[in-house]
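Asks: Following the hints, position chain B against chain A.
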Amino acid sequence: MSVTPSIETLPLLPDFPPEQVLTYRDGQALCRDDFLCDILWLAERLPEGAHVLNLSHDRYWFAVGLFAAISRGALSLLPNSPAVEHLAAVCAGVPHLVCLGDQDVSPLAGVNYLRVGEAVPATGPRPEMPRIACEQRIACVFTSGSTGTPQPHFKTFGRMWLAIAAGAERLWDAAGGRCSVIGTVPLRHMYGLESSVLLPLWAGGRMSARTPFFPADVAAALAELPAPRLLVTTPFHLTKLLDADVEMPAVAALLSATAPLSPALAARAEERFGAPLLEIYGSTETGQLATRRPARQLDWQVLPGITMRQENGETFVSGGHLEAPQALNDHVEMLGPGEFSLLDRKADMINVVGKRTSLAMLNHLLARVPGVRDGVFCLPPAGRDDEARRLAAFVVAPGVSANEILSALRPQLDPVFLPRPIIFVDLIPRDGNGKVQAATLQALIKAHLGGDQAPAAVPLLFPVEHPMFPGHFPGRPIVPGVALLDAAQRAVESATGLTLAGLATAKFHRPALPAEAMRIEWSLEPAGVRFLIRSGEQKVADGRFLLAAKASA
Amino acid sequence: MNTMGQPTTALCEPDSLLERDVAALIVSALNLDIGPEEIAPEAPLYGDGLGLDSIDILELALVVSKQFGMQMKADSEENYHIFRSLRALTAYIGEHRTK
Numbered sequence: 001m002s003v004t005p006s007i008e009t010l011p012l013l014p015d016f017p018p019e020q021v022l023t024y025r026d027g028q029a030l031c032r033d034d035f036l037c038d039i040l041w042l043a044e045r046l047p048e049g050a051h052v053l054n055l056s057h058d059r060y061w062f063a064v065g066l067f068a069a070i071s072r073g074a075l076s077l078l079p080n081s082p083a084v085e086h087l088a089a090v091c092a093g094v095p096h097l098v099c100l101g102d103q104d105v106s107p108l109a110g111v112n113y114l115r116v117g118e119a120v121p122a123t124g125p126r127p128e129m130p131r132i133a134c135e136q137r138i139a140c141v142f143t144s145g146s147t148g149t150p151q152p153h154f155k156t157f158g159r160m161w162l163a164i165a166a167g168a169e170r171l172w173d174a175a176g177g178r179c180s181v182i183g184t185v186p187l188r189h190m191y192g193l194e195s196s197v198l199l200p201l202w203a204g205g206r207m208s209a210r211t212p213f214f215p216a217d218v219a220a221a222l223a224e225l226p227a228p229r230l231l232v233t234t235p236f237h238l239t240k241l242l243d244a245d246v247e248m249p250a251v252a253a254l255l256s257a258t259a260p261l262s263p264a265l266a267a268r269a270e271e272r273f274g275a276p277l278l279e280i281y282g283s284t285e286t287g288q289l290a291t292r293r294p295a296r297q298l299d300w301q302v303l304p305g306i307t308m309r310q311e312n313g314e315t316f317v318s319g320g321h322l323e324a325p326q327a328l329n330d331h332v333e334m335l336g337p338g339e340f341s342l343l344d345r346k347a348d349m350i351n352v353v354g355k356r357t358s359l360a361m362l363n364h365l366l367a368r369v370p371g372v373r374d375g376v377f378c379l380p381p382a383g384r385d386d387e388a389r390r391l392a393a394f395v396v397a398p399g400v401s402a403n404e405i406l407s408a409l410r411p412q413l414d415p416v417f418l419p420r421p422i423i424f425v426d427l428i429p430r431d432g433n434g435k436v437q438a439a440t441l442q443a444l445i446k447a448h449l450g451g452d453q454a455p456a457a458v459p460l461l462f463p464v465e466h467p468m469f470p471g472h473f474p475g476r477p478i479v480p481g482v483a484l485l486d487a488a489q490r491a492v493e494s495a496t497g498l499t500l501a502g503l504a505t506a507k508f509h510r511p512a513l514p515a516e517a518m519r520i521e522w523s524l525e526p527a528g529v530r531f532l533i534r535s536g537e538q539k540v541a542d543g544r545f546l547l548a549a550k551a552s553a
Numbered sequence: 001m002n003t004m005g006q007p008t009t010a011l012c013e014p015d016s017l018l019e020r021d022v023a024a025l026i027v028s029a030l031n032l033d034i035g036p037e038e039i040a041p042e043a044p045l046y047g048d049g050l051g052l053d054s055i056d057i058l059e060l061a062l063v064v065s066k067q068f069g070m071q072m073k074a075d076s077e078e079n080y081h082i083f084r085s086l087r088a089l090t091a092y093i094g095e096h097r098t099k
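Sequence lines, in order, name chains A and B.
Numbered per this note's numbering, the first sequence spans residues 1 to 553.
Numbered per this note's numbering, the second sequence spans residues 1 to 99.
With the rest of the complex left out, here is chain A:
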């Protein structure tokens, strides 16, 4: 599946046997030609010259719409939020548009709607495979700009193909073969598009049409597919799968992205599923760039063909599927050719259960709500569950209720970003540049959200009967390093409300024993959170965690 620059066109779908099963819909196996018939049937019905807004929920019909558009040379717009005003902003200025969906009612008023979802009986001669120009723009994905306007990013056929081929090499290798792929992830993000749609269709796997939600649904959807299986998910969903008391069918590999995955969660998942868990690093702008196996190694390996260089504190990636060098949104440390460690997310970006947006954009939207004189979003300290941390907002808005503010924000935002709670204050102190300083925000949080009881140290003890000891090691139990680090990370996160992106450095000074009374101490520094685990006066381990996001305005 390698592509050289001299190749100008590629087939819409790779040259596998036409009878090869390519996808599963409602428990039914469909071969390449079944899929192609549906694509070509729909393609004929797309209005000439129209861009396509693809809003199908079902992954099969989403893919049919995407490939039908590609075969007609049409660009697919893939908005990442269902909020009506986001859809309207995405469509603004697109003169000729058709909306595809599998819903009975059009999700967007005033746009030409074409309902998909009815399979066409295959008749006539075997369909011919269209060839597509590598330079053809096939998809437009969006990031949230700081002014609230979605920023478009265009993807070409040939470069998407290259990215998928590079990722497939890693994944199929980890899984020990080409997999049936099931995703719990949204279709209109780069991760879901690449890993749950294009990976199986272009790299010899089998795509499931389902997007299971509850743990029991995931188990049932997996059981319906032939092995080997790949589960494409997020840290949030993975946590819930592991917490649920549901028997899971065997998988050959797990894939996670969108939010930092702790090594401890990765290790837990690998143990439960008996399969490797890979994590993908990438962005909307760049697509997938690197992978790692966090249970084994914290450093990232770039995909084949990608190179990195640093200049004036910025990191640029190029080569592979990238058309031009791209600056990364994160601070990284380069460790060797093709290897790097993630130091810090750039400050403005925040992450709520894997969905990313910019604080500047949220603050901009808040400021535009009628009656709001001033307002600022923040990430308050974690309460019960750091996996599902919510945003809060401080607002100066005399005479306006929290419900009025929420109603004004709801059409513009993915619901996970709605502030919970909204705290009304008389004044938000701003500096000479009109900024809310981080210290000011921390003071507001302390005063209103009770962040001031946070201790800088907590006790730590692993009881003798902990199930990890008999195996680690038989007859000579000691606390595994990964358990120590996990406990340290959880303690810091739950006490400070910070989200940690992972480990920068760690050093083990001496083994920790069952029932040994220890303490975790930490301090917040510009480079992250420095921690020390001690037993009496003796050091057990120390190191530094990276910060995932900063609450600043």
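It is worth saying that the hints were derived from the structure and are not from the lab.
Hints are supplied without guarantee of correctness; some may be wrong.
[Claimed, not checked] Reference excerpt, derived from the structure (chain B facing chain A, CB under 10 Å, subset only):
hint : residue
1    : Val27
2    : Glu37
3    : Glu42
4    : Tyr46
5    : Gly51
6    : Glu59
7    : Ala61
8    : Leu62
9    : Ser65
10   : Lys66
11   : Gln67
12   : Met72
13   : Lys73
14   : Asn79
Since this is a predicted model, take the numbers as computed values, not measurements.
For each residue, glycine too, the CB sits at the ideal point set by N, CA and C.
Replies: Relative to chain A, chain B alone:
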């Protein structure tokens, strides 16, 4: 909200005892800043009502499965109906619980 003629529940009368338990469960599982009695039985849990989203729903499903010995299984359409209101959720639990 008038529920006449709506296929809200399979039961003829709402199970008020269970409904109160489920309301308390929602409040404690999601750490909501309201009392259980403040959740109007027919008000939407999604969107404009209580403002729950998919994260809350997954969270809630886990607690429900542990408490009532049932696994929530639903496609997104059905899901929407089950979590439409406190009363709809209570009816669903009433039908599927094993403890």
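Asks: A separate judgement is required for each hint: does it hold in the structure or not?
Replies: Right, here's what the structure says about each hint:
no.	hint	verdict
1	Val27	13 Å, violated
2	Glu37	19 Å, violated
3	Glu42	18 Å, violated
4	Tyr46	8 Å, holds
5	Gly51	7 Å, holds
6	Glu59	6 Å, holds
7	Ala61	5 Å, holds
8	Leu62	6 Å, holds
9	Ser65	7 Å, holds
10	Lys66	7 Å, holds
11	Gln67	12 Å, violated
12	Met72	5 Å, holds
13	Lys73	5 Å, holds
14	Asn79	7 Å, holds
Going down the numbered hints, you'll see the structure goes against 1, 2, 3 and 11, while the others check out.
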